[in-house]
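Put chain D on the given structure of chain P with help from the hints.
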Amino acid sequence: MMYHKEKSIQIKSSASALYNNLSVLRIAPRNLTYFSVVHANMVNMVSASWDGLNYSHRQLQSKEPNVTTSSSLIMQAAWCVLPYREILVLTSQKGIQMYESDGSIMVYWHALDTPETPTAQAVFARGIAAVRDKYICVGISSGSVLVFDVPSKGSNITLSEVLEEHKESITDMASECSGSLECIADLVSADDSGNLSVWKSGEDFQLLNKIPGFDMSCSSVKLWKGTVVAGYGTGQIRLYEAITGIIHAEINAHARWIYSLDIAPFSGLVRSAFTCSLPFQIVHMYNECVTDTQICGAKFCDGDGYAFAVTGYDLSEIIRYTQA
Amino acid sequence: MSSRTLPLLFINLGGEMLYILDQRLRAQNIPADKAKKADWIEDDRRRVMNDIITTMFNKKFLEELFKPQELYSKKALRTVFDRLAHASIMRLNQASMDKLYDLMTMAFKYQVLLCPRPKDILLVSFNHMDAIKDFVKETPSILSQVDETYKQLIEMYTPLSSGEFQLIRQTLLIFFQDMHIRVSIFLKDKVQNSNGRFVLPTSGPVPHGTQIPGLIRMFSCSGEEVKKLQFRNGGNYTSALREGSFEMFGERVIKLGTNMYSVSRPVETHLSGTSKNSAQQKSVNTTPNPLAKEELNMLARLMGGLEVQKTSSVDNGFRVNLFATDEEEEEALISRPDEFSYDVINIQATKNQRANAELAKIMGDFTEEGEELCPSSASSKGDDLLAMMDGL
Numbered sequence: 011m012m013y014h015k016e017k018s019i020q021i022k023s024s025a026s027a028l029y030n031n032l033s034v035l036r037i038a039p040r041n042l043t044y045f046s047v048v049h050a051n052m053v054n055m056v057s058a059s060w061d062g063l064n065y066s067h068r069q070l071q072s073k074e075p076n077v078t079t080s081s082s083l084i085m086q087a088a089w090c091v092l093p094y095r096e097i098l099v100l101t102s103q104k105g106i107q108m109y110e111s112d113g114s115i116m117v118y119w120h121a122l123d124t125p126e127t128p129t130a131q132a133v134f135a136r137g138i139a140a141v142r143d144k145y146i147c148v149g150i151s152s153g154s155v156l157v158f159d160v161p162s163k164g165s166n167i168t169l170s171e172v173l174e175e176h177k178e179s180i181t182d183m184a185s186e187c188s189g190s191l192e193c194i195a196d197l198v199s200a201d202d203s204g205n206l207s208v209w210k211s212g213e214d215f216q217l218l219n220k221i222p223g224f225d226m227s228c229s230s231v232k233l234w235k236g237t238v239v240a241g242y243g244t245g246q247i248r249l250y251e252a253i254t255g256i257i258h259a260e261i262n263a264h265a266r267w268i269y270s271l272d273i274a275p276f277s278g279l280v281r282s283a284f285t286c287s288l289p290f291q292i293v294h295m296y297n298e299c300v301t302d303t304q305i306c307g308a309k310f311c312d313g314d315g316y317a318f319a320v321t322g323y324d325l326s327e328i329i330r331y332t333q334a
Numbered sequence: 002m003s004s005r006t007l008p009l010l011f012i013n014l015g016g017e018m019l020y021i022l023d024q025r026l027r028a029q030n031i032p033a034d035k036a037k038k039a040d041w042i043e044d045d046r047r048r049v050m051n052d053i054i055t056t057m058f059n060k061k062f063l064e065e066l067f068k069p070q071e072l073y074s075k076k077a078l079r080t081v082f083d084r085l086a087h088a089s090i091m092r093l094n095q096a097s098m099d100k101l102y103d104l105m106t107m108a109f110k111y112q113v114l115l116c117p118r119p120k121d122i123l124l125v126s127f128n129h130m131d132a133i134k135d136f137v138k139e140t141p142s143i144l145s146q147v148d149e150t151y152k153q154l155i156e157m158y159t160p161l162s163s164g165e166f167q168l169i170r171q172t173l174l175i176f177f178q179d180m181h182i183r184v185s186i187f188l189k190d191k192v193q194n195s196n197g198r199f200v201l202p203t204s205g206p207v208p209h210g211t212q213i214p215g216l217i218r219m220f221s222c223s224g225e226e227v228k229k230l231q232f233r234n235g236g237n238y239t240s241a242l243r244e245g246s247f248e249m250f251g252e253r254v255i256k257l258g259t260n261m262y263s264v265s266r267p268v269e270t271h272l273s274g275t276s277k278n279s280a281q282q283k284s285v286n287t288t289p290n291p292l293a294k295e296e297l298n299m300l301a302r303l304m305g306g307l308e309v310q311k312t313s314s315v316d317n318g319f320r321v322n323l324f325a326t327d328e329e330e331e332e333a334l335i336s337r338p339d340e341f342s343y344d345v346i347n348i349q350a351t352k353n354q355r356a357n358a359e360l361a362k363i364m365g366d367f368t369e370e371g372e373e374l375c376p377s378s379a380s381s382k383g384d385d386l387l388a389m390m391d392g393l
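Residue numbers (my numbering), protein chains in the order written: chain P, 11 to 334; chain D, 2 to 393.
Looking at chain P on its own, in the form it has when it is part of the complex (with noise of 0.2 Å):
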C-alpha cells in the first residue's frame, strides 16, 4: 500500500505541540471537510472542498463568558458526531466549550473548578469523545470524567455524571468507533500514568474493566470492535481486549513519544500506520517521514483510511496523503 502526498492545506497560525491536536470532520452532503488545528489559545478552522478548489478560514478563540482575565489556553479541540447533531468541542484551561459544528454558535460552556492562585497540580480539560446517541464526555486533569447529555438540538445540555475513576489527568478518550452495536464496551478513558478505564454508557456509566498502566503516559487512545490500541510515551502501541484487559499485541512503533493515533472503522486501518484485523492480524503497511517536523495530530479524512491528514508543531499547513 503506498501512499503519496497531496497539496497541504495552509491554516492562519501553526499547530501547537499538544496531543491529537488535529480533528477531522466529514460533511458528505455538501462535499466538504472540516479540519481543526489548536494554536495557542486559538482554534484554526478550515472547510476544503472535496474538489479541492475551495477553502475557508474560521479561527475560535477561547473566549470564555463572565471571565475577565485573558483567554486560557486550549488543550484540544474535537468534532464529536452524534445521530442528529455534530458538536465542536473546545477544551482550556478554564472549562469546556461547546459549539454548533461549524464554530458559527456557542452552545453550551462548562467552568472548571479554578483555584484564585495556582496551585502546583495544572488545571485543565483534556480528553473528548461523543458516546452512542447522547453522550459527549470530556476528562479533566484531576481525573475525573465528565458525562454531558446532549439533546438531539439546542442548548439544554447538562452534566449528566462525574466518572471518578483515574487519579492522574486524563490525556485521551475514545468511543467504539466501528459502528457495530455488538460492542459492550462504549468509551475507554486514559491517563497519564497509562492507565486505562474501559465503559458501558447508560444514565449511569458503569466501569466494565481497569487496564494498569506501566509508569508511563498513554496520550492517544481508539476502541474498534471492542480492542483498545493505546500509544504511549514510549512510543510503543499496545492493543487489549478491552473487556478483559488481555494484550492482544505489542508494537514498537516509533522512536519517540506518541502524539496521535487514529483508526479507520471501515477498514481497521491504524494511522501509526498498521492494520489491524480479528483474530489479530497486524500488518506493517506504511511508514512515512515528515522531515524535521514533531507531529502533533494524525487523522484518516475518511472511514476507509484511504486519505489521512497530520499536523506539527510550528506548522502552518495541514498535511495530507491519499493512498496511490
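Some clues are possibly wrong.
[Unchecked claim] No farther apart than 30 Å at their CA atoms in a straight line, the calculated lysine-lysine pairs in the DSSO-like style are these:
(1) P:K177 / D:K76
(2) D:K61 / D:K110
(3) D:K76 / P:K22
(4) D:K76 / P:K15
(5) P:K235 / D:K76
(6) D:K152 / P:K235
Hint data in this document are derived by calculation from the structure and do not stem from the laboratory.
Every value quoted in this text rests on a predicted model; they were computed, and no experiment measured them.
Just chain D now, kept in the frame of chain P:
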C-alpha cells in the same frame, strides 16, 4: 498549562546567557586607551559572571520563581533578563541585548525540541547548573546559593511523572512557538535549516525506556507470545544510552545544555524575515492582554527579589558588544525588523500605582542617569493601560 515551568525556563535561559556573556567577555577587544593589566581584565570578567550569578540565585528571587504560576509573556520575561544582564558593571546596548536574547531563546528552544524524553529537560537544566557551578567554584558564598538551587530543583522535579514533564515541555513549546531566528552556529553545525527550523534526526540512540522501532509481538489469550514480526521503521536507530544522573552530581549523558560556545567563534543571528513568519508573530503578540495588570504585579514581586549591586561610578562599568564591531551593532539596531522587536515593559508608563511604585523603585536602583533601559515611548499614551502596553 503547567504551573511549574517558569523555574526551568529561567534557569536554562540564564545558563545560555552566561555561556554567551562568558564567551564575549573573553573575546572582547579592550580599547587601546585604557591601560589595563591582563589580570584586571580577567578579574573584571569573573566579577561580572559572579554578580550575575549571585543575582540569579538570590534566595528571595528564587522563592518567587518557584511558586506555582503561569508562564510570563515574552515581554515580561525579557524585562527580567534585561534586569539580570545589568546586575553587574557590564553594560549592553539594546542591539546587543536583543541579540543576546535571540541566542538564548533559540538555544533553549532547540534543546527542548531535541530532548529525547520530556524528563530529559531536567538533565539539560542540570547541564546548565553544572556549568554555572563551575563558573563560581572559587566563590563559596555563591556556590552555596547554587547548591541550594540544585536541591530545590531536585525536590520539585524528580517526583514528577512522565506526563507532567510532557505538560511542562508543551508549555515551553507554546512559549517558543513560531520563533525561527537563524543562528549561525546552528546553521554551521547543520542543526538548523536555512528556513530557521531545527533538524530533527531520525537516527541515533532511542530515548531511555524506548525500544528500537521495528518489532511486533502478538500474544495468545493466556499471555504467551505466539508471533513475532519485524518491520522497517524508516529510521536508523540504536539502543538507548544509559540514563543520566538526576542528582546533584553525576554524568548527565545528554549533551544538550552544555556550552556550545567554548570554541570561540563569532555568533551572528539572522532574522528570518519571511512575511509568513512576521504575520504569525504579529497575530500572537498584538492581542491585548487583560492580564497585563496582574502580570505586572507578579513581575514586581519577582523583581523585588533581584537585588542589585550599585555601581559606585560609571567609569567602572564597561560595555560589552555582542557584535564584531560598534558599527555592526549600530547597524543591527537600525535594521531590526519591527516584528522582531522585544517590547520591554516601560515601567513608567503603567497606571497601576502599586506595581508601578514597586517596580520603579527596583528599576530606578540601576538605571543610570540619563540612560533609558527600555525602548522609550516618552509620552504616556493616555489612560488605557492596555493601549500603553501595546504601544511600546
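Hint by hint, here is what the structure shows:
no., hint, in the structure
1, P:K177 / D:K76, "36 Å, violated"
2, D:K61 / D:K110, "27 Å, holds"
3, D:K76 / P:K22, "23 Å, holds"
4, D:K76 / P:K15, "39 Å, violated"
5, P:K235 / D:K76, "51 Å, violated"
6, D:K152 / P:K235, "50 Å, violated"
Checked against the numbered hints given earlier, this structure breaks hints 1, 4, 5, 6; the rest are met.
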